[in-house]
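Residue numbers (the numbering used here), protein chains in the order written: chain V, 1 to 254; chain X, 1 to 121.
It is possible that some hints are incorrect.
To be verified - Okay, derived cross-link-like pairs now, BS3-like style, lysine-lysine, Cα gap no bigger than 30 angstroms in a straight line: (1) Lys197(V) - Lys23(X); (2) Lys66(X) - Lys40(X); (3) Lys71(V) - Lys71(X); (4) Lys88(V) - Lys117(X); (5) Lys71(X) - Lys23(X); (6) Lys117(X) - Lys185(V); (7) Lys220(V) - Lys185(V); (8) Lys40(X) - Lys197(V); (9) Lys220(V) - Lys25(X); (10) Lys71(V) - Lys88(V); (11) Lys117(X) - Lys40(X); (12) Lys197(V) - Lys66(X); (13) Lys115(X) - Lys197(V); (14) Lys71(V) - Lys23(X); (15) Lys115(X) - Lys71(V); (16) Lys117(X) - Lys71(V); (17) Lys96(X) - Lys115(X); (18) Lys71(X) - Lys197(V); (19) Lys220(V) - Lys23(X).
Hints listed in this document are in silico derivations from the structure and should not be mistaken for laboratory results.
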Amino acid sequence: MSTRKKVKEEGGLKPAADVQLGMLAGGIAHDLNTIITTIYGYSEMALESIGNSPEAELNIRRIIGAADRAKMLTGQLLDLSRRTSHEKVPVRVAAVLSETIDFIRPSVPEGIRIMSRIAAADAYLSAVPAQLFRIFINLIINAIQAMSGKGGTLTVTLGYIEGSDEIISGELHRDLLIRFTDTGKGMDEATASRIFKPFVTVGRENGTGLGLMVVSDAVKELGGTVTVSSAAGTGSTFELIIPGAFFGTLPEKY
Amino acid sequence: MAGVMIVEDDAALRELLRDTLEKRKYTVITAADGREALAKFRPSVVDVVVTDLLMPEEDGLMVIMKIRELKPATRLIAISGGGMAGPGSYLLMASKLGADAVISKPFLPSELVQKVKELLG
Numbered sequence: 001m002s003t004r005k006k007v008k009e010e011g012g013l014k015p016a017a018d019v020q021l022g023m024l025a026g027g028i029a030h031d032l033n034t035i036i037t038t039i040y041g042y043s044e045m046a047l048e049s050i051g052n053s054p055e056a057e058l059n060i061r062r063i064i065g066a067a068d069r070a071k072m073l074t075g076q077l078l079d080l081s082r083r084t085s086h087e088k089v090p091v092r093v094a095a096v097l098s099e100t101i102d103f104i105r106p107s108v109p110e111g112i113r114i115m116s117r118i119a120a121a122d123a124y125l126s127a128v129p130a131q132l133f134r135i136f137i138n139l140i141i142n143a144i145q146a147m148s149g150k151g152g153t154l155t156v157t158l159g160y161i162e163g164s165d166e167i168i169s170g171e172l173h174r175d176l177l178i179r180f181t182d183t184g185k186g187m188d189e190a191t192a193s194r195i196f197k198p199f200v201t202v203g204r205e206n207g208t209g210l211g212l213m214v215v216s217d218a219v220k221e222l223g224g225t226v227t228v229s230s231a232a233g234t235g236s237t238f239e240l241i242i243p244g245a246f247f248g249t250l251p252e253k254y
Numbered sequence: 001m002a003g004v005m006i007v008e009d010d011a012a013l014r015e016l017l018r019d020t021l022e023k024r025k026y027t028v029i030t031a032a033d034g035r036e037a038l039a040k041f042r043p044s045v046v047d048v049v050v051t052d053l054l055m056p057e058e059d060g061l062m063v064i065m066k067i068r069e070l071k072p073a074t075r076l077i078a079i080s081g082g083g084m085a086g087p088g089s090y091l092l093m094a095s096k097l098g099a100d101a102v103i104s105k106p107f108l109p110s111e112l113v114q115k116v117k118e119l120l121g
């Protein structure tokens, strides 16, 4: 795939907007589906108790027909939210990372800094942009929550693993290494070993307890791994290794 | 007759499901969110729990996990109309956490009755 094509496709990506549109469409569909279930339910119940009244039966069947049309509409809404956020395209990882940081920056509490060190600015992955955004935003929110109250610094680094070079079909591929290091409250070994399971939270008041499970599932889908190293009181580092990154322009030595 | 717990934050749907199951002679307990469900579950005789997934307070995924721990023999049915990840994803997560059956909203109450019957054998 040519460099020009990659850049052109990336030009249309708005992962943050994609996720927001998906959430809006999904939220509306969710509420409507609950209401439609109630319409179906009472219509079904009315049909059972109506006795011999063809006119009333016809009217109830018309209500059910209208609910069927509403169900088709909510199905289309959910399709829309899936279409906008489930297509794999070449994504420049640094661009999504920067967009995620810009997206969260206005709501970062005072005393917390986010620094980024990008050493693989031209690395691409074949991925769903919104999915990458979800991975990054969950890890960043997790770090911010770990530092809330006392403040601190989150350092995000994007590089690649030395020695992971591989030529596939004439194109260079490398393993990406993305680190999120915070200076927050950290966690002990026992908590760190469970952290990617659902509903394990450090401090019950924070979050849904699903964020890191979402991260772990999404990274697995990309064929990568996520690990955490942490010590209570000194902060945590989440490390993602994702194979198969390719490059818009070949690095100098090639 | 078997006991069924309905966990649903939408009041109209909650009452519909209660009416539907009571007509089939099930003993029905209802709860408007996960926290209420767990509080009522402990002292009651419940064979089947039907739970929505997206709810305020404790959500349905938490209900599924906790009930699997408290009383593993309880049959669990997850119902969901979607949300940000689409209904498939939430229901898939519910299955992974231990739901015996999942139903996408909107559904006909007769479909739910059928599932309850099947799970009770």
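Okay, the hints, checked on the actual structure:
1. Between Lys197(V) and Lys23(X) the alpha-carbon distance is near 40 angstroms, which puts this suggested pair outside the 30 angstroms criterion.
2. A distance of roughly 13 angstroms separates the Cα atoms of Lys66(X) and Lys40(X); the hinted pair therefore holds under the 30 angstroms criterion.
3. The hinted pair formed by Lys71(V) and Lys71(X) fails the criterion: a straight-line CA distance of about 35 angstroms is larger than 30 angstroms.
4. Taking the CA atoms of Lys88(V) and Lys117(X), the gap is about 41 angstroms. The hint is violated against a cut of 30 angstroms.
5. For the proposed pair Lys71(X) and Lys23(X), the alpha carbon gap of about 27 angstroms is at most 30 angstroms, so the pair holds.
6. With a C-alpha separation of about 50 angstroms, the suggested pair Lys117(X) and Lys185(V) falls outside the 30 angstroms cut-off, and the hint is violated.
7. Between Lys220(V) and Lys185(V) the CA atoms are separated by roughly 27 angstroms; this keeps the pair inside 30 angstroms, and the hint holds.
8. A hinted pair counts as satisfied when its Cα atoms are at most 30 angstroms apart, and Lys40(X) with Lys197(V) qualifies at roughly 26 angstroms.
9. Taking the CA atoms of Lys220(V) and Lys25(X), the gap is near 46 angstroms; set against the 30 angstroms cutoff, the hint is violated.
10. At most 30 angstroms may separate the alpha-carbon atoms for a hinted pair to count; Lys71(V) and Lys88(V) meet this at roughly 28 angstroms.
11. About 23 angstroms separates the Cα atoms of Lys117(X) and Lys40(X), which keeps this hinted pair within 30 angstroms; it holds.
12. The straight-line distance between the Cα atoms of Lys197(V) and Lys66(X) is roughly 14 angstroms, inside the 30 angstroms bound, and the hint therefore holds.
13. At most 30 angstroms may separate the alpha-carbon atoms for a hinted pair to count; Lys115(X) and Lys197(V) meet this at roughly 29 angstroms.
14. At roughly 26 angstroms between alpha-carbon atoms, Lys71(V) and Lys23(X) fall within 30 angstroms of each other, so this suggested pair holds.
15. With a C-alpha separation of about 21 angstroms, the suggested pair Lys115(X) and Lys71(V) falls inside the 30 angstroms cut-off, and the hint holds.
16. Pair hint Lys117(X) plus Lys71(V) holds up; C-alpha atoms about 26 angstroms apart against a cutoff of 30 angstroms.
17. Under the criterion of a C-alpha separation no larger than 30 angstroms, the hint pairing Lys96(X) with Lys115(X) is consistent with the structure, at around 18 angstroms.
18. At most 30 angstroms may separate the alpha-carbon atoms for a hinted pair to count; Lys71(X) and Lys197(V) meet this at roughly 21 angstroms.
19. Of the supplied pair hints, the one linking Lys220(V) and Lys23(X) is violated, its CA atoms being roughly 46 angstroms apart against a limit of 30 angstroms.
Checked against the numbered hints above, the structure violates hints 1, 3, 4, 6, 9, 19; every other hint is satisfied.
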